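Student: Listed below, chain by chain, are the residues.
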Amino acid sequence: MSDFSFWIILQNLLLATRWTILLSLIAFVSGGIVGLALLLARVSHNRALRIASIGYIELFQGTPLLMQLFLFFFGVALFGIEVSPWIAAWLALTFWTSAFLAEIWRGCVESIPKGQWEASESLAFSYGEQMRYVILPQALRIAVAPTVGFSVQVVKGTALASIIGFVELTKAGTMLNNVTFRPFLVYSLVALIYFALCFPLSWYSKRLEGRLNVAR
Amino acid sequence: MIQQLNFGDLLPYWDVFARGLVFTIVLTLTSTVAGIGLGTAGAWARTFGPKWAGALTRAYVEVIRNTPFIVQLFFIFFGLPALGVKLSEDVAAFIAMVINLGAYSTEIIRAGIQAVPKGHLEAGVSLAMSRWEVFRYIVLKQAFMKVYPALSSQIIIVMLGSAVVSQISAEDLTYAANYIQSRNFRAFEVYIVAAVLYLMLAIGLRALLRGIGRAIFPKG
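Protein chains in written order, with my numbering: chain A, 76 to 291; chain B, 2 to 221.
Keep in mind that the hints were calculated from the coordinates and are not lab data.
One or more of the hints may lead you astray.
[Claimed, not checked] Estimated spans, in silico, between C-beta atoms of each pair: (1) B:211 with A:126: 14 to 24 Å; (2) B:10 with A:155: 16 to 26 Å; (3) B:10 with A:134: 21 to 31 Å; (4) A:159 with B:31: 51 to 61 Å; (5) A:112 with B:30: 53 to 63 Å; (6) B:86 with A:85: 20 to 30 Å; (7) B:6 with A:85: 38 to 48 Å; (8) B:86 with A:89: 20 to 30 Å; (9) A:126 with B:49: 45 to 55 Å.
[Stated by the list, open to error] Looking from chain A toward chain B, a few residues come up when the C-beta cut is under 7 Å (computed): (10) 96; (11) 137; (12) 138; (13) 141; (14) 150; (15) 231; (16) 258; (17) 262; (18) 265; (19) 270; (20) 277.
Treat the numbers as computed from the prediction; the structure is a model and nothing was measured.
Even for Gly, the Cβ is constructed at its ideal location relative to N, Cα and C.
Looking at chain B on its own, in the form it has when it is part of the complex (with noise of 0.2 Å):
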């Protein structure tokens, strides 16, 4: 037996919805450039760092990669709290998107940093370059252009990723949706919604991400 859908029953929660959708774009476009900052600093305790924040920032990458995401969050969320760290599910949620896209574009621009010929540093060096413009205009500009296609695929994966803020009710999409279908009961056509916004939301980024690409680096 097939129950007839009715989407028409999600009509009065609209607003719901909106809400939830402009706080996962925040979270979203928030983290990704802390992460993406955060990131960035990995890289460059790898490749020119001291040996020990190289090893430092190796740890804090596999720790990452290698662990679920809903965890760290209730690590962070439920544990932390113990240390007498207490945040709020917005800070905690920020924290660990943040925490979680650090770790995988650590390891993605670290390998653009390492594409970068070597004969590139010592020309930067040649021309009187002190080896922060060295790694600032010569190395970090050309390793960005070179994984900046991974490094993009990589933010609508923390994207998506996101939807599991809702368990420590981070008011976001997700959160909105199962706010609403505890309300009316209508769960599939709520999540089907939910699903298509998701979709939405991944095409627009990757539409607005390729945007930024062409206009930061105009011939690649």
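This is chain A alone, in the form it adopts within the complex (with noise of 0.2 Å):
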């Protein structure tokens, strides 16, 4: 059995790797589809929409993703629907990363200056208008930084799918690990490539927060 050498190892986890990225990008895309449909309620008008919102991401912040990947997996198959790793990790993540998401992207909306939203609306703007045209834009130019940072989250979130049975780095590294008896190395090749998805990630955030401080 341990004629897997430490080239074999590293291939196969680099192989999984590429559904860890894959899982990341369509859960961050989703998830932040959801998030400005989340975002967009929570700052409305409407009471019903607002209390809405921030009920659903209480939820979903106040509970373990890995509840709410067990959840997924184990209660949609309640319906007669089957379903596969894939779809609970997908379904879950994108929920969980849409509450967050929410929330960033909110404290982005709400430190827009009350000047601006008055002096839209004295422009004769709607309300849809001022959203569009004026405090989403400079909103956008905020969310950035802690948007890049919250998909180092994202990237980790995607670890625990593995509990489930999708096959991603963490589950491929406990499979190898399985088969080669060697814990402390794949463990420590996971650690490295998931350190190697992520600090770029952290160090490209933490610049353009940097950047952003300049700009004031």
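Using the hints, put the two standalone chains together into the complex.
Tutor: Next up, the structure:
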């Protein structure tokens, strides 16, 4: 069994990394779309929408991602629909990501000075126009750094998909460890690959943050 | 076809839930105290410590913050025994939590320390306070006051993250849920109850931290 050389282990881990990257990208994009809708509900003038979005955010920020994964994996099956680990991971990560992104973006929207709202209102902009042409473009500039920063959490979050049997980097690590019995090497490599994925994002986020502070 | 929900099947297992809940609470509280301690030491090393300690701390923080908690946990529990360090699942879970929170709180507390105006340090020195006294009574207190909300959210995130320790069979709330659903096959009901318990824990912990914050920093 131990004729797995270092290179074969590394090669298999790198092959599995593709799925980590793909799942991260998909979850991030769909989480961003749902998050945007959630943000609009959160800052809207409609009380019911606001309360519903607060409830959603509290729910997904207040429970472990692992629980959400289990619920999607086992829960949807209750409706007679067979759920693959792919779908369950995608759904859970989307909901989880959207809750955090909506909350991050709300902070950005609320940091826009009140004068901007008043000025655009006095120009007879409707609420939608205010959002579209005045508030969101400015909020977007502030939002880039924390959003990139949060993408690191999404990449790390995909590691939990391994628990419901989705074969990505962490699961591949566990499987290789079971075959090779070299946990120290395997998990070091797994950690190293995650680091190689996440560190550039963290670094870029920090740099963007610094640039924003200079502009002020 | 929707299967009938049946929460009654969970009742005989209430004590399993209770034991898991207590484990999660104890694990969170102990690793929070130790993690904040580690974070304070790390923040000191990054701001007042010798250069080599600062560099070392920085590497530690970056490695932990850019790798998933579950991989850190597996590394400690499965990887370290290869070097002769054998740990029980409880101890491994505790160490992984402390190391994880330590890295995040290092960064948070460091930000608080750097926000303390330099004039306060000079004022402390001019009052003949030692370096340690300046750090302890002037810097640290203000730093904690400033970053307390950020620290509180991180503690809650770490508490929710602790669900992962079930994967090395530390007997926490998630482990209890897995155990029960393997017995009565009521997976959906079990995980709903567990999720609600976690939600209550998060809300309770937030209230507790806010109360502690009010007690320590009366004005803030």
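Student: All hints, please: hold or fail.
Tutor: Hints versus structure:
no. : hint                         : verdict
1   : B:211 with A:126: 14 to 24 Å : holds (22 Å)
2   : B:10 with A:155: 16 to 26 Å  : holds (20 Å)
3   : B:10 with A:134: 21 to 31 Å  : holds (24 Å)
4   : A:159 with B:31: 51 to 61 Å  : violated (38 Å)
5   : A:112 with B:30: 53 to 63 Å  : violated (37 Å)
6   : B:86 with A:85: 20 to 30 Å   : holds (24 Å)
7   : B:6 with A:85: 38 to 48 Å    : holds (47 Å)
8   : B:86 with A:89: 20 to 30 Å   : holds (28 Å)
9   : A:126 with B:49: 45 to 55 Å  : holds (47 Å)
10  : 96                           : violated (14 Å)
11  : 137                          : holds (4 Å)
12  : 138                          : holds (5 Å)
13  : 141                          : holds (4 Å)
14  : 150                          : holds (5 Å)
15  : 231                          : holds (4 Å)
16  : 258                          : holds (4 Å)
17  : 262                          : holds (4 Å)
18  : 265                          : holds (5 Å)
19  : 270                          : holds (5 Å)
20  : 277                          : holds (6 Å)
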